[in-house]
Amino acid sequence: MRSFWPIYKRELFAFFVTPLAWVLIVAFLVVQGMHFFIVIDHLARQVDIASDETPVRAFFGNTVLLYLVLFMLVPPMTMRSFAEERRSGTIETLMSGPVSTAAVVLAKYAAVLTTYVVMWLPTVLYLLILARTGALDGPAAAGAYLGVLLVGAGYLAIGTCASALARSQFVAMIWTAFALLVLFLIGMGEFVTREGTTFHDVAVHVSVWGHMNDFASGIVDSRHLVFYGTLIVLPLFIATRAVDAWRWG
Amino acid sequence: MSNLTKRYGARVAVDDVSFEVGRGEVVGFLGPNGAGKTTTLRILAGVLGPTSGSVTVAGHDLVHASLEARRHIGYMPEAVPLYPEMRVVEYLRFRADLKQVGRSQRARFVDEAMDRAGVLEVAHRTIDHLSKGYRQRVGIADAIVAKPAVLVLDEPTAGLDPNQIRHARALVRELGREHTVVVSTHILSEVEACATRVLLIHHGRLVAQGSTSEIRAMRQAVAVDVTVRGNVAAADAALRSTPGVASVERVETVEPFARFRATFDGALSPEDRPGATERIVGVMVGAGLGVSEVRACGGSLEDVFAALTQDPGSPLG
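The listed protein sequences derive, respectively, from chains A and B. According to the working numbering, the residues represented by the first sequence are 284 to 532, in order. According to the working numbering, the residues represented by the second sequence are 896 to 1212, in order.
A hint or two may mislead.
As the list claims (entries may be wrong) - Straight line, CA to CA, 30 Å or less: simulated BS3-like cross-link-like pairs of lysine-lysine: (1) B:1027 / B:1042; (2) B:1042 / A:292; (3) B:1027 / A:292.
Claimed, not checked - Computed footprint of chain A on chain B; a stretch qualifies when at least three of its residues, placed anywhere within it, have a C-beta under 8 Å from a C-beta of chain A: (4) 922-929; (5) 954-968; (6) 1098-1104; (7) 1143-1154.
Everything labelled a hint here was simulated from the structure, so no lab data went into it. What you are looking at is a predicted structure, and each value in this text was computed from that prediction instead of being measured. Where a beta carbon is used, it is the ideal one built from N, C-alpha and C, also for glycine.
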């Protein structure tokens, strides 16, 4: 695992030295800024606000904007990880060093996850603004950020896996977007299936939408934690095997 | 490296190859394109796993103690892949860090590698903006940065201009003083220029190995091209009567010159061939013809391979 840090640092360097990271961060913050404005403006116009509707809930839960942004951001963030190294051949020099495959996968994943966290950091300002103008629901905010972190971590793991499997960056991007969308749509099945059926249960269990609504209300369900744990570990494991398969193929 | 085999499905890329490389040797890995050189070197560098067989580097098994073994190898792939967005010095520091060079030594190791590979003057340039020759040298600097026991260089002169090729060969020779070097090439003169020992690989099999001088001895001429001025028929007859010449063919006639190819008798030993060439020139001059050009033909890699595959009892096989 000693090789983790050099690769992690190089990945972050590569990400922030190219315009891609900055373009993505700016796009993300513009959309989130507009989103925040809409939420606040909407709530401010309500004469009679339902007691359980707070800005934090409205910003993180029950909104499709959050997922739209993630669908757009995650695929370009992760597409390069392995596909680019394979295209340029640098994977060969990388793997000829004294590095373990697991360290390479984890370092690349940790780098995109760090970038993701950096993207979200400025949005903490919104909470500070809310806290200045009224009571901020602390637990809900903490839950919401935990949810954002877990959903992002799961999505980025899927993207990293796609990059390890795909032949090119473009294919990795398409596969990632496709996988995230399918996962989201299965979750949406909650609303179109009858309660009590197996599909309904499955849909509820994997519903990112439902999870985020809970997190944004400050509810941290251990089933959700297990689900995201799986969503992170499984793709990363497959990615490790895929990189190994390339070596032994 | 013993009994190494690499299969891709039904295709066998490397077939039961065994060899040993001692400390301080520069071994040339010679074979035509597609012979299995790169595959063998990739396995040697720990990038690919062998289908069967074993590789031991500095006492460490490359499959079972892979990380330990890889610490002793510096590898440069043929295409010299580099991260284009990094500066040369940044890249080499990253590689040194990755190869577990301690923090306190890193700057010194990187400086030494840049100095030896001759990239100090481009240390702060972005790799993206480097010429092919410099990229190649950055690749070599990367291979040597952690001072590994074994250097594996895959076609280090590919794509360079003649001047750069001379520099690269000199550099490989110099590296051989401190490292064990395995260098691959498909050019016969290249191994002669920088290797002390040669391994010949063909269709994934090791067909011969020997010292560079032994391989050089196999580079015998199979024919002589002579360009003469004067009586063409007389020249033809004189050539045919020369001892050691098996057949004569007129290759080209550009008045007033005619070019003949005199093919040696196959039974002629390598030591006698220069003598036969001298006789040919003597006979032509004796017949009153003007000799304007004499050139030995053959002795190419293909001829060496042809000789080896036809003659299983060769001294090198």
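To see whether the hints hold, each was checked on the structure:
1. B:1027 / B:1042: holds, 24 Å
2. B:1042 / A:292: At roughly 23 Å apart (the allowed maximum being 30 Å), residue 292 of chain A and residue 1042 of chain B satisfy the hint.
3. B:1027 / A:292: Holds, at roughly 27 Å.
4. 922-929: violated (count 0)
5. 954-968: holds (count 5)
6. 1098-1104: violated (count 0)
7. 1143-1154: It is violated: at least three residues are needed, and the segment 1143-1154 of chain B offers just 0 whose Cβ sits closer than 8 Å to chain A.
Going through the hint list in order, the structure does not satisfy hints 4, 6, 7.
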